[in-house]
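J.: Here is how the chains run, residue by residue.
There are 2 protein chains.
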Amino acid sequence: MEEFSVTPYEVEGSVDYDKLIAKFGVERISEALRKRLEKLAGSSNFMIDRGIFFADRDLGWLLDRYEAGEKFYVYTGIAPSGRMTLGHLVPFLMAKWLQEKFGAKVIIEIPDEEKALARSGVEFDDAHRLAYEDAMDIAALGFDEKNTKLFINTDYAKTLYTNAVRIAKHITFSMVKDAFGFRNETNVGTIFYTSMQAVPAMLGSLERGRNVPCLIPLGIDQDVHFRIARDVLPKLGYYKPAILHSKFLPGLDGRPKMSSSDPKNTIYLSDNEEAVRKKVNMAITGQQSTAELQKKLGGDPEKCAVCKYYTFLFEPDDAKLERILEMERDGSILAGEHKKDLAKRINEFLSDHVSKKKRLEGKMDRFMLVD
Amino acid sequence: MEEFSVTPYEVEGSVDYDKLIAKFGVERISEALRKRLEKLAGSSNFMIDRGIFFADRDLGWLLDRYEAGEKFYVYTGIAPSGRMTLGHLVPFLMAKWLQEKFGAKVIIEIPDEEKALARSGVEFDDAHRLAYEDAMDIAALGFDEKNTKLFINTDYAKTLYTNAVRIAKHITFSMVKDAFGFRNETNVGTIFYTSMQAVPAMLGSLERGRNVPCLIPLGIDQDVHFRIARDVLPKLGYYKPAILHSKFLPGLDGRPKMSSSDPKNTIYLSDNEEAVRKKVNMAITGQQSTAELQKKLGGDPEKCAVCKYYTFLFEPDDAKLERILEMERDGSILAGEHKKDLAKRINEFLSDHVSKKKRLEGKMDRFMLVD
Chain E
1 MEEFSVTPYE
11 VEGSVDYDKL
21 IAKFGVERIS
31 EALRKRLEKL
41 AGSSNFMIDR
51 GIFFADRDLG
61 WLLDRYEAGE
71 KFYVYTGIAP
81 SGRMTLGHLV
91 PFLMAKWLQE
101 KFGAKVIIEI
111 PDEEKALARS
121 GVEFDDAHRL
131 AYEDAMDIAA
141 LGFDEKNTKL
151 FINTDYAKTL
161 YTNAVRIAKH
171 ITFSMVKDAF
181 GFRNETNVGT
191 IFYTSMQAVP
201 AMLGSLERGR
211 NVPCLIPLGI
221 DQDVHFRIAR
231 DVLPKLGYYK
241 PAILHSKFLP
251 GLDGRPKMSS
261 SDPKNTIYLS
271 DNEEAVRKKV
281 NMAITGQQST
291 AELQKKLGGD
301 PEKCAVCKYY
311 TFLFEPDDAK
321 LERILEMERD
331 GSILAGEHKK
341 DLAKRINEFL
351 SDHVSKKKRL
361 EGKMDRFMLV
371 D
Chain V
372 MEEFSVTPYE
382 VEGSVDYDKL
392 IAKFGVERIS
402 EALRKRLEKL
412 AGSSNFMIDR
422 GIFFADRDLG
432 WLLDRYEAGE
442 KFYVYTGIAP
452 SGRMTLGHLV
462 PFLMAKWLQE
472 KFGAKVIIEI
482 PDEEKALARS
492 GVEFDDAHRL
502 AYEDAMDIAA
512 LGFDEKNTKL
522 FINTDYAKTL
532 YTNAVRIAKH
542 ITFSMVKDAF
552 GFRNETNVGT
562 IFYTSMQAVP
572 AMLGSLERGR
582 NVPCLIPLGI
592 DQDVHFRIAR
602 DVLPKLGYYK
612 PAILHSKFLP
622 GLDGRPKMSS
632 SDPKNTIYLS
642 DNEEAVRKKV
652 NMAITGQQST
662 AELQKKLGGD
672 PEKCAVCKYY
682 TFLFEPDDAK
692 LERILEMERD
702 GSILAGEHKK
712 DLAKRINEFL
722 SDHVSKKKRL
732 EGKMDRFMLV
742 D
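From first to last, the protein sequence lines are chains E and V.
Everything in the first sequence is counted per this note's numbering, starting at 1 for the first residue and increasing by one.
Everything in the second sequence is counted per this note's numbering, starting at 372 for the first residue and increasing by one.
Please note that the accuracy of each hint is not assured.
What the hints assert, rightly or not - Negatives, chain E to chain V, calculated, CB over 10 Å: (1) Asp16; (2) Ile21; (3) Gly51; (4) Ser81; (5) Trp97; (6) Glu113; (7) Asp155; (8) Lys169; (9) Glu207; (10) Ser270; (11) Asp341.
What the hints assert, rightly or not - Per the computed footprint, the stretches of chain V lying under chain E, defined by three or more beta-carbons under 8 Å from a beta-carbon of chain E, are: (12) 382-396; (13) 480-488; (14) 553-559.
Hints listed in this document are in silico derivations from the structure and should not be mistaken for laboratory results.
The C-beta atom is built at its ideal place from N, Cα and C for all residues, glycine as well.
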């Protein structure tokens, strides 16, 4: 009996990341590896230091290649929702950091067909339209336009399908049945899809005409796609992609993964100030049931969504973060103020994001790959 | 126990076309329907009159639509071999006739990925290269360049994949497992593929922005793909394609289907005169074991590959064909002469074909759809 479940299609229950490491067969990022990455980057990354990115596959190998003079590129992506959430930011912010520190090219897949294939209520035309909205949100995070490419799968399907079939030849129904829990009633598009998601892990090599290492920062629920890709790509002569796994940003109600289909407990990048204030005000904290008790007994930052949001995204400074967590712990900040401060931070970020996004209007061609 | 098997992947045993009609649930072309088609076409088609095209799905419906003012288009295709055979000509010659008589637009799919997915010895790059060779052979049959489009799947995959996923959403593994005999060990590209083959049956409607009837002449081994397509397309708002089923041109050894992987018993469009003479000279006939016996007892045209080639392709004139069959039957022609005459006919056709193909060099852009 499992008390939680993590698949690309659903995250349920209280996720035990230690158990996931064992179950998926990934490595916890060691202290030595963390330091090595920091040294090569020239600075630390708070998401790695804090264990938000907590596991990897072959990151050490990737750094070996880097030290041997082989630059890597970064690949990540998002299933299009048209309403990106704060939770979606995590892998993109890591990709951006890797670009800044290692000069890595970044390629981003927005698989508009995936959700429409996997969910009965999602139409292809809607998913396609929403994908452009997401592309703008991603580009607005500040990627280097000279070194970043985004594509929406059906706009780039000539390139993707032509290479996906080469990968698909080495993937049987048994393999995806076991890996994804597919059944005989699963549709053949969903069965094929993982081949499409694998292609960008070879595109960088195809482009250069020689093997180029690829690093994929992702939420650990996506790991299964690349377990398969890592089996197949060497058969076609390509490097296995290296992976950097993140935990999930929790929902405002403390559930393990913020979900774009749960509006009340989710902050969208498109939320206005008032919506953010209202939602954050309903967030779960680790505080006692009354202000009096909280002042006396203090709270538990581990149970506090507000603290998590600071930790994941909104307080990169470790000393400042420690002060916030300490105030929660010792009862010197009450829930109301705690939430008000976070809402302010989020709104500052979103206001900046909206204006950056606005500046990209009519300029997305610079980023988009289209066949 | 079945004594023969007909699938898109293999034709084995002695094919009983009557049994196939029952098994596949298609209709034998009735005399009334044959006459109706002849009347609307303004002339007869010897391949229909002789039962080479012997069965259909919804041909009557298609003619209803035609009489109601809805022009149909024709879709057919070929898995690329790079070495087209006489057997491959049958559906293309029907497509050409339909174009001439009904002004039908013809679209031709050359699925370069299919064989590479389905056969372990076939590489994608080779299949892709060979596909161009086939495209030239097809165009050289004399299609109207203003009303005919060919595409090689991976060159047109943006269009195809974008629409294939919409179809794929309605096709489960169970469906293709039952229809094609796929197993858990079948690769996911092959499992998905039938969705790609279905797309051209809706492309004509997509192009016009309204439903356009589609007629697909094909070897009956391909029917299974369109049993599925006919289930799915109405769910997306499209007409079911109508189908016209042909028998197979036998091999020179009398086996039920000429196969491009059996060079001795196959005439390729690229064969030179001497190769044709030599191969035809080894063909099976329905004649007696000695010239003396043949003169005395006569032979059986039904067992004679030479007679079949006249019937399928090389003697459109019914009276002349009857004379040829009669000479076989009554012993007045001996195998050597019979074969020499056929080889001459084939060589005349091929010599003309080669020069038509040559004239297309550098001009294939007129025919090709590329994303």
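J.: Each of the hints needs a verdict: does it hold here or not?
T.: Tested hints:
1. Asp16: 31 Å, holds
2. Ile21: Nearest chain V Cβ is 28 Å from Ile21/E, so the label holds.
3. Gly51: Label holds. Min Cβ-Cβ 35 Å, cutoff 10 Å.
4. Ser81: 18 Å, holds
5. Trp97: 33 Å, holds
6. Glu113: Its Cβ does come within 10 Å of chain V, the nearest being 4 Å, so this is violated.
7. Asp155: At roughly 7 Å from the nearest Cβ of chain V, Asp155/E sits no farther out than 10 Å, so the non-interface label is violated.
8. Lys169: 5 Å, violated
9. Glu207: It holds; Glu207/E is separated from chain V by about 17 Å at its closest Cβ, greater than 10 Å.
10. Ser270: The claim stands: Ser270/E keeps its Cβ more than 10 Å from every Cβ of chain V (closest is about 27 Å).
11. Asp341: Asp341/E is indeed farther than 10 Å from all Cβ atoms of chain V, at 45 Å.
12. 382-396: Our answer is that it is violated, as 0 residues pass the Cβ test (under 8 Å) against chain E, missing three.
13. 480-488: holds (count 3)
14. 553-559: Per the Cβ count (7), the hint holds.
When held up to the earlier numbered hints, the structure conflicts with 6, 7, 8, 12 and fits the remainder.
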